[in-house]
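With the hints as extra help, turn the sequences into a complete structure.
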Amino acid sequence: MHRSLMRTLVLLPLLGGCGVFRQSAVDGVSEAFLGGRASEVYAADDDPELVRDALPFNLKTSEILIAQNPGNTALRLAAASGFVQYAAAFVDEEADRLVTSDLARARELQKRAGGLYQRGRDHALAGLELAHPGLRGRLPADPAAALAAVVRPEVPLLFWAGAGWAGAISVSGGNPALTADLPIAIALARRALELDEAWGDGVIHDFFIMFEGGSAGAVGGSEQRAREHFRRAVELTGGRKASPYVALAEAVSVRRQDLAEFTELLGRALAVDISAEPRWRLSNTLSQRKARWLLDHAADYFIEEEQR
Amino acid sequence: MSCRVIVLLAVLCLAMANPAAAVVIKLGTIAPEGSPWHDALQDIAAAWQKLSNGQVTLRIYPGGVAGDEPDMLRKMRIGQLNAVALTSGGLAEIIPDIRALTFPLLVRDDGELAAVFEKLGPRFSAVLDAKGYKVLTWSSAGWVYFFSRRPVTAPEDLRSQKLFFWGSDPQYEELLKQSGFQPMPLAVTDLLPSLQTGLVDAFAAPPAAALSFQWFALAPYMADLKWQPLPGATVVSAKVWGEIPAELRPLLEQAAAAAGGRLQARIDALNDQAVEAMRQRGLSLTRVTPETEARWQALVAEKGIPVFVGTRFSREIFEAVQETLRAYRRTREEARRPEAPAPARP
Numbered sequence: 013m014h015r016s017l018m019r020t021l022v023l024l025p026l027l028g029g030c031g032v033f034r035q036s037a038v039d040g041v042s043e044a045f046l047g048g049r050a051s052e053v054y055a056a057d058d059d060p061e062l063v064r065d066a067l068p069f070n071l072k073t074s075e076i077l078i079a080q081n082p083g084n085t086a087l088r089l090a091a092a093s094g095f096v097q098y099a100a101a102f103v104d105e106e107a108d109r110l111v112t113s114d115l116a117r118a119r120e121l122q123k124r125a126g127g128l129y130q131r132g133r134d135h136a137l138a139g140l141e142l143a144h145p146g147l148r149g150r151l152p153a154d155p156a157a158a159l160a161a162v163v164r165p166e167v168p169l170l171f172w173a174g175a176g177w178a179g180a181i182s183v184s185g186g187n188p189a190l191t192a193d194l195p196i197a198i199a200l201a202r203r204a205l206e207l208d209e210a211w212g213d214g215v216i217h218d219f220f221i222m223f224e225g226g227s228a229g230a231v232g233g234s235e236q237r238a239r240e241h242f243r244r245a246v247e248l249t250g251g252r253k254a255s256p257y258v259a260l261a262e263a264v265s266v267r268r269q270d271l272a273e274f275t276e277l278l279g280r281a282l283a284v285d286i287s288a289e290p291r292w293r294l295s296n297t298l299s300q301r302k303a304r305w306l307l308d309h310a311a312d313y314f315i316e317e318e319q320r
Numbered sequence: 004m005s006c007r008v009i010v011l012l013a014v015l016c017l018a019m020a021n022p023a024a025a026v027v028i029k030l031g032t033i034a035p036e037g038s039p040w041h042d043a044l045q046d047i048a049a050a051w052q053k054l055s056n057g058q059v060t061l062r063i064y065p066g067g068v069a070g071d072e073p074d075m076l077r078k079m080r081i082g083q084l085n086a087v088a089l090t091s092g093g094l095a096e097i098i099p100d101i102r103a104l105t106f107p108l109l110v111r112d113d114g115e116l117a118a119v120f121e122k123l124g125p126r127f128s129a130v131l132d133a134k135g136y137k138v139l140t141w142s143s144a145g146w147v148y149f150f151s152r153r154p155v156t157a158p159e160d161l162r163s164q165k166l167f168f169w170g171s172d173p174q175y176e177e178l179l180k181q182s183g184f185q186p187m188p189l190a191v192t193d194l195l196p197s198l199q200t201g202l203v204d205a206f207a208a209p210p211a212a213a214l215s216f217q218w219f220a221l222a223p224y225m226a227d228l229k230w231q232p233l234p235g236a237t238v239v240s241a242k243v244w245g246e247i248p249a250e251l252r253p254l255l256e257q258a259a260a261a262a263g264g265r266l267q268a269r270i271d272a273l274n275d276q277a278v279e280a281m282r283q284r285g286l287s288l289t290r291v292t293p294e295t296e297a298r299w300q301a302l303v304a305e306k307g308i309p310v311f312v313g314t315r316f317s318r319e320i321f322e323a324v325q326e327t328l329r330a331y332r333r334t335r336e337e338a339r340r341p342e343a344p345a346p347a348r349p
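Top line first, the protein sequences correspond to chains B and S. So the first sequence is numbered by the numbering used here: it starts at 13 and just counts up by one. So the second sequence is numbered by the numbering used here: it starts at 4 and just counts up by one.
Just so you know, the hints here were simulated from the structure itself, not pulled from any lab data. Backbone N, C-alpha and C fix where the C-beta goes; we use that ideal spot for every residue, glycine too. It is possible that some hints are incorrect.
[Stated by the list, open to error] Short derived list, chain B residues pointing at chain S, Cβ under 7 Å: (1) L115; (2) G185; (3) G186; (4) P188; (5) A189; (6) T191; (7) A192; (8) V266; (9) R267.
[Stated by the list, open to error] Listed next, with one range per pair, are the computed distances between beta-carbon atoms: (10) Q236(B) - D113(S): 38 to 44 Å; (11) W305(B) - D113(S): 39 to 45 Å; (12) R333(S) - G149(B): 50 to 56 Å; (13) E235(B) - D112(S): 37 to 43 Å; (14) E176(S) - R268(B): 26 to 32 Å.
[Claimed, not checked] Below, simulated SDA-like cross-link-like pairs (lysine to any residue); rule was C-alpha separation at most 25 Å, straight line: (15) K180(S) - R153(S); (16) K123(B) - R62(S); (17) K137(S) - A260(S); (18) K53(S) - A310(B); (19) K53(S) - H309(B); (20) K53(S) - K242(S); (21) K242(S) - D312(B).
Structure, rendered in structure tokens:
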């Protein structure tokens, strides 16, 4: 379950539509590199490699700015979302592709992704701590109670904290100290869902498609709830975003060994018109790349694929 | 057509008639993706790919996507799967005598389990071989402990709580009832919701599972009593194994055994770390004194042995395990005893 938990993070709206820096609480230079307009520029790009090479500069810039302004929530949010998405889309994702051809390299990348996920999570938690001192220390005892005071404008921080934490668990190889924190990661994402389920163009629903679908059964997930999140994610994005289709195919169709549904969902993901929504261009480009890869490697997921 | 072309065509035809056949082995496991067990299987897959120069591909289907263990064994029989990483429950479907190893409180620690495997492993492997399964590696998922809503040290503490009972095994269930326990037969997927609703209060599991599936949060007491070991094995269909070039097989087997050895060390550490992680999050360990443990032992001997020995597993294997344990304990005791002082010279 844990590994599949975060796979869909590569499908998130990379730095787009996430409310980064909308508060205009930073200076002009910061705004230029990390602000909302910068996010839109990244999100509208159709060249993932260019974005992959450009992002590390932004990530380090955000950390330099944080060092100078540690109490700035907007900077924390920019760093949190940037680190988690970079880890998922360009490090963890590459690890997934290399598992069967270069396992040693795949494991190195997973380890690196784990560090980046945790960095993103820590920036998000630090951002939440600015308004809620001592929050992190209260999370282990009763996550839901600790998060009760968090309010709607803090949804982005909540989500990136949960996503980063879950991502770190997913690549930890079952590390008990990290695995034990899974309820906290889920509580953070659940609180975000409660406060603003439509935030980020349905990205919280994408997260829960994978969590509910990937953990159906023993850990308390549910295929039915995964499908409800899928329905809502498609509704929120008008079917013009490919990520919900890929998430459901990977989390639920594989578990059910339903190759027909898998193929149909990925076909729908590939049918999304990338040029129709510039704000989702990068996300859709990455999702379609993933969909093609999954279809090409269906035999790795379906035991009866070759008898088709 | 020149002679050269004819020779070339002949060579080409020969090559086509006898290609270096690629073997794909599909392996199913209930171990979750990203778990140490899955990692070990990936290690084997990578080693086989390299050693066979791409001729042998091990394709892993983790997380139970290929079904539960009885289902995977059925798929093996009809050729949909070629290999399975089995826990003791699945293994017992093929070789019931393996249950002698998991008989409660019989094998008491890792050293004893290793001694039993060293002595009886080849015998189990031979039986599996005769049934068409080649053992790649023996393994263990650690030790099963009781986790409960209220503290458990003695048998009566557990009798007062509803005990999760995995799957359908009427004989075992009846035995538990006759011994005064309250078994609740359920699928493992029902354990978490049943703990939440109060349908069950206690379960037996290795610490890593109690942590990984978050069951411990609802049953925060762990009795410090190694109830039973959880041995397992990765088996491959002998037929498919025979399709691998003979000179490659020993190399692949060695690679699988090496991965199994590394996994074992990791599992032992993982369970210890899991207990520590759970303790930091509210788990309490209840100590079981030697006197109380003796009461558990007496209960098992009185109720379990008459029902299990000779029915669920053979008396012969049970006695062989006991004999192996006696010999191992004797040797260990002697090794611990301080050397006798040299006799004084007259």
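Verification of the supplied hints:
{"no.": "1", "hint": "L115", "in the structure": "holds (4 Å)"}
{"no.": "2", "hint": "G185", "in the structure": "holds (6 Å)"}
{"no.": "3", "hint": "G186", "in the structure": "holds (5 Å)"}
{"no.": "4", "hint": "P188", "in the structure": "holds (4 Å)"}
{"no.": "5", "hint": "A189", "in the structure": "holds (5 Å)"}
{"no.": "6", "hint": "T191", "in the structure": "holds (6 Å)"}
{"no.": "7", "hint": "A192", "in the structure": "holds (4 Å)"}
{"no.": "8", "hint": "V266", "in the structure": "holds (6 Å)"}
{"no.": "9", "hint": "R267", "in the structure": "holds (6 Å)"}
{"no.": "10", "hint": "Q236(B) - D113(S): 38 to 44 Å", "in the structure": "holds (42 Å)"}
{"no.": "11", "hint": "W305(B) - D113(S): 39 to 45 Å", "in the structure": "holds (42 Å)"}
{"no.": "12", "hint": "R333(S) - G149(B): 50 to 56 Å", "in the structure": "holds (53 Å)"}
{"no.": "13", "hint": "E235(B) - D112(S): 37 to 43 Å", "in the structure": "holds (41 Å)"}
{"no.": "14", "hint": "E176(S) - R268(B): 26 to 32 Å", "in the structure": "holds (30 Å)"}
{"no.": "15", "hint": "K180(S) - R153(S)", "in the structure": "holds (20 Å)"}
{"no.": "16", "hint": "K123(B) - R62(S)", "in the structure": "holds (23 Å)"}
{"no.": "17", "hint": "K137(S) - A260(S)", "in the structure": "holds (13 Å)"}
{"no.": "18", "hint": "K53(S) - A310(B)", "in the structure": "holds (23 Å)"}
{"no.": "19", "hint": "K53(S) - H309(B)", "in the structure": "holds (20 Å)"}
{"no.": "20", "hint": "K53(S) - K242(S)", "in the structure": "holds (22 Å)"}
{"no.": "21", "hint": "K242(S) - D312(B)", "in the structure": "holds (22 Å)"}
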